[in-house]
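Colleague: Residue strings, one per chain:
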Amino acid sequence: MSNNKIIHWFKYASPQSFYPLAGKLIPWFWGLTAVFLIPGLWITFFAAPTDAQQGEGYRIIFIHVPAAWMSMFIYIVMAAWAGLGLALNTRLSGMMAQGLAPTGAIMAFVSLWTGAFWGKPMWGAWWVWDARLTSALILFFLYIGFIALQAAIDDARRADKAGAILALVGVVNVPIIYFSVKWWNTLHQGASVSLTKAPTMAATMLWGMLLMALAFWMYSIAVALTRVRAIILEREAHTEWVKELDEVKA
Amino acid sequence: MNWESPAAFFAMGGYGLYVWGSFGVCAVLMIVEPILASKRRNDILRSLRRERIAENLEQP
Amino acid sequence: MNAILAIIRRDLLLAMRRKSEVLTALFFFIIVVSLFPLGIGPETALLRKIAPGILWVAALLATMLGLSRLFAPDHADGTLEQMVLAPSPLGLLVTGKIIAHWITTGLPLVLLAPVLGIQFDLDSGALGVLMIALLIGTPLLSLIGAIGAALTLGVRGGGVLLSLLVLPLYVPALIFGAGAVEAHISGLGAGGHLSLLAALLALAVFFAPWATTAALRIALE
Numbered sequence: 001m002s003n004n005k006i007i008h009w010f011k012y013a014s015p016q017s018f019y020p021l022a023g024k025l026i027p028w029f030w031g032l033t034a035v036f037l038i039p040g041l042w043i044t045f046f047a048a049p050t051d052a053q054q055g056e057g058y059r060i061i062f063i064h065v066p067a068a069w070m071s072m073f074i075y076i077v078m079a080a081w082a083g084l085g086l087a088l089n090t091r092l093s094g095m096m097a098q099g100l101a102p103t104g105a106i107m108a109f110v111s112l113w114t115g116a117f118w119g120k121p122m123w124g125a126w127w128v129w130d131a132r133l134t135s136a137l138i139l140f141f142l143y144i145g146f147i148a149l150q151a152a153i154d155d156a157r158r159a160d161k162a163g164a165i166l167a168l169v170g171v172v173n174v175p176i177i178y179f180s181v182k183w184w185n186t187l188h189q190g191a192s193v194s195l196t197k198a199p200t201m202a203a204t205m206l207w208g209m210l211l212m213a214l215a216f217w218m219y220s221i222a223v224a225l226t227r228v229r230a231i232i233l234e235r236e237a238h239t240e241w242v243k244e245l246d247e248v249k250a
Numbered sequence: 001m002n003w004e005s006p007a008a009f010f011a012m013g014g015y016g017l018y019v020w021g022s023f024g025v026c027a028v029l030m031i032v033e034p035i036l037a038s039k040r041r042n043d044i045l046r047s048l049r050r051e052r053i054a055e056n057l058e059q060p
Numbered sequence: 001m002n003a004i005l006a007i008i009r010r011d012l013l014l015a016m017r018r019k020s021e022v023l024t025a026l027f028f029f030i031i032v033v034s035l036f037p038l039g040i041g042p043e044t045a046l047l048r049k050i051a052p053g054i055l056w057v058a059a060l061l062a063t064m065l066g067l068s069r070l071f072a073p074d075h076a077d078g079t080l081e082q083m084v085l086a087p088s089p090l091g092l093l094v095t096g097k098i099i100a101h102w103i104t105t106g107l108p109l110v111l112l113a114p115v116l117g118i119q120f121d122l123d124s125g126a127l128g129v130l131m132i133a134l135l136i137g138t139p140l141l142s143l144i145g146a147i148g149a150a151l152t153l154g155v156r157g158g159g160v161l162l163s164l165l166v167l168p169l170y171v172p173a174l175i176f177g178a179g180a181v182e183a184h185i186s187g188l189g190a191g192g193h194l195s196l197l198a199a200l201l202a203l204a205v206f207f208a209p210w211a212t213t214a215a216l217r218i219a220l221e
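Residue numbers (my numbering), protein chains in the order written: chain A, 1 to 250; chain B, 1 to 60; chain C, 1 to 221.
Next comes chain A alone, as it looks inside the complex (with noise of 0.2 Å):
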């Protein structure tokens, strides 16, 4: 019985099979990520009330928050693609990873971008060099220097296997990171206002961020999916499984 699951898990490791199964499953993560963003969108302009500090300016977290979430937790789902790439040595892996990183480099933006938008009002700076403004910061160019060493490599193979010993040792090297700045930060007394550890974390904010991260979450599964059929169709271009693709065949 367990024997069968195995087999049936690894039959969804091979591209062939990954293929459409991708394809039947994007719909619904698009369908998923309508369903978290439009009562998200509501909470956040609608539902939760003016801030008695910041004004109108807060709604700014309510995707800031989910973005920097999602760069980091995208981050860490790609290394743990990669190391299974290494150790299982599943093609399916790195093509994983590949595709993620885009979407993990989008999101390390966005957090920074509206990071900086959240700033400027508040604390009269575009950029201020607090301890999560600046390892955000580090991430997003993790994730460059990854995209970077995967494009310079010709050999799909070799491509893979480099670019998750590099997730792998970047993903060693986050927490060092964060915690680092955040010791440099709290030498140099930077400015120590928060954007998670607002005064009143009402109710209706707590479920506007949730659902907001959830709508980030199924967008860059939809997101990365859509890449990864892109990837397996460039990679596994001469086999005679994506020839008789009925794409290909119309």
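Think of the hints as simulated: they come from the structure by calculation, not from any bench.
Possibly wrong hints are sitting among the right ones.
List of simulated lysine-lysine pairs, BS3-like, C-alpha gap at most 30 Å [unchecked claim]:
hint, chain 1, residue 1, chain 2, residue 2
1, A, Lys-120, A, Lys-24
2, A, Lys-24, A, Lys-249
3, A, Lys-120, B, Lys-39
4, A, Lys-243, A, Lys-24
5, B, Lys-39, A, Lys-24
6, A, Lys-182, C, Lys-49
7, B, Lys-39, A, Lys-182
8, A, Lys-120, C, Lys-49
Not everything, but these chain A residues come out facing chain B in the computed CB check (under 10 Å) [unchecked claim]:
hint, residue
9, Trp-30
10, Ala-34
11, Gln-54
12, Glu-56
13, Tyr-58
14, Arg-59
15, Ala-67
16, Arg-91
17, Val-110
18, Thr-114
19, Lys-120
20, Gly-124
21, Val-128
22, Thr-226
C-beta: ideal position from N, C-alpha, C; glycine also.
Take the given structure of chain A and dock chains B and C to it, following the hints.
Modeller: Chains B and C only, in chain A's frame:
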């Protein structure tokens, strides 16, 4: 409901630039990214189709 | 153990034959550090405040220079493939090469830093802390850099890519290294920073040769 008029909604209590600057860029990126991702798939599909046609021409 | 010593000896001998490369990195360090007062102005109090940061950033950049040549010549002449096939484990040989890289690029920086620190009017206590911090920190830079060098081995645009990969990973070393000197100057004591730097070094000694070895095997596949 927080807003008395659409104008008040867009002004965001004086934070309009910052709020819409954030949400706007986020929305643009999240619309462009999926388009680029599916374009990447369409591009490779198109070249696969072309290859297939070329092969069929060679061996009728 | 003999294998490590043999590799270190060999790499040092090779470096002695190409003295200009070692000296170039050193002069790069000196010139970069000397450019800052020209850009910022000769105000002593300001220079004293930014000296640790400048010296550390210059040290990061100077160690980067030699990194792309850490494995590339051995890769080009086939020595690296011999090392993979050699009876002694590749991890040991890689460790030997990293140590040799540190002796040729890191150690001279440690010895030179006090001279440059004097230019920035650091007192003798701060110079001592700077030297200790660099003594712990530069091996860390060599270890992390070796991973990047192995990953970019034979990759097009390797040199620039290498800096893109490695510099973000250098951040903790920079923070604790420069922080140690600053903490000493401001009277907080450098102990905490130095012990954290040493902890990072211990972590890197454990992991970096392993990751480098894995990356080299991938590059040679």
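Colleague: Next, verify each hint and record whether it holds.
Modeller: We went through each hint and held it up to the structure:
1. Lys-120(A) to Lys-24(A): 43 Å, violated
2. Lys-24(A) to Lys-249(A): The given pair, whose Cα atoms are some 19 Å apart, holds under the 30 Å limit.
3. Lys-120(A) to Lys-39(B): Given that 30 Å is the threshold and the Cα spacing comes to 36 Å, the pair is violated.
4. Lys-243(A) to Lys-24(A): 19 Å, holds
5. Lys-39(B) to Lys-24(A): 18 Å, holds
6. Lys-182(A) to Lys-49(C): 21 Å, holds
7. Lys-39(B) to Lys-182(A): 41 Å, violated
8. Lys-120(A) to Lys-49(C): 28 Å, holds
9. Trp-30: OK, holds: Trp-30(A) within 10 Å of chain B, min 8 Å.
10. Ala-34: Violated, because the Cβ-Cβ distance from Ala-34(A) to chain B comes to roughly 12 Å (cut-off 10 Å).
11. Gln-54: With a closest approach of 8 Å, the Gln-54(A) hint holds.
12. Glu-56: 4 Å, holds
13. Tyr-58: Interface hint status for Tyr-58(A): holds (9 Å vs cutoff 10 Å).
14. Arg-59: Cβ of Arg-59(A) sits 6 Å from chain B, so the hint holds.
15. Ala-67: 7 Å, holds
16. Arg-91: Hint on Arg-91(A): violated, closest Cβ of chain B at ~17 Å, above 10 Å.
17. Val-110: With a closest approach of 5 Å, the Val-110(A) hint holds.
18. Thr-114: This interface hint holds because 4 Å falls under the 10 Å limit.
19. Lys-120: 6 Å, holds
20. Gly-124: 12 Å, violated
21. Val-128: 15 Å, violated
22. Thr-226: 4 Å, holds
The structure shown violates the earlier hints numbered 1, 3, 7, 10, 16, 20, 21.
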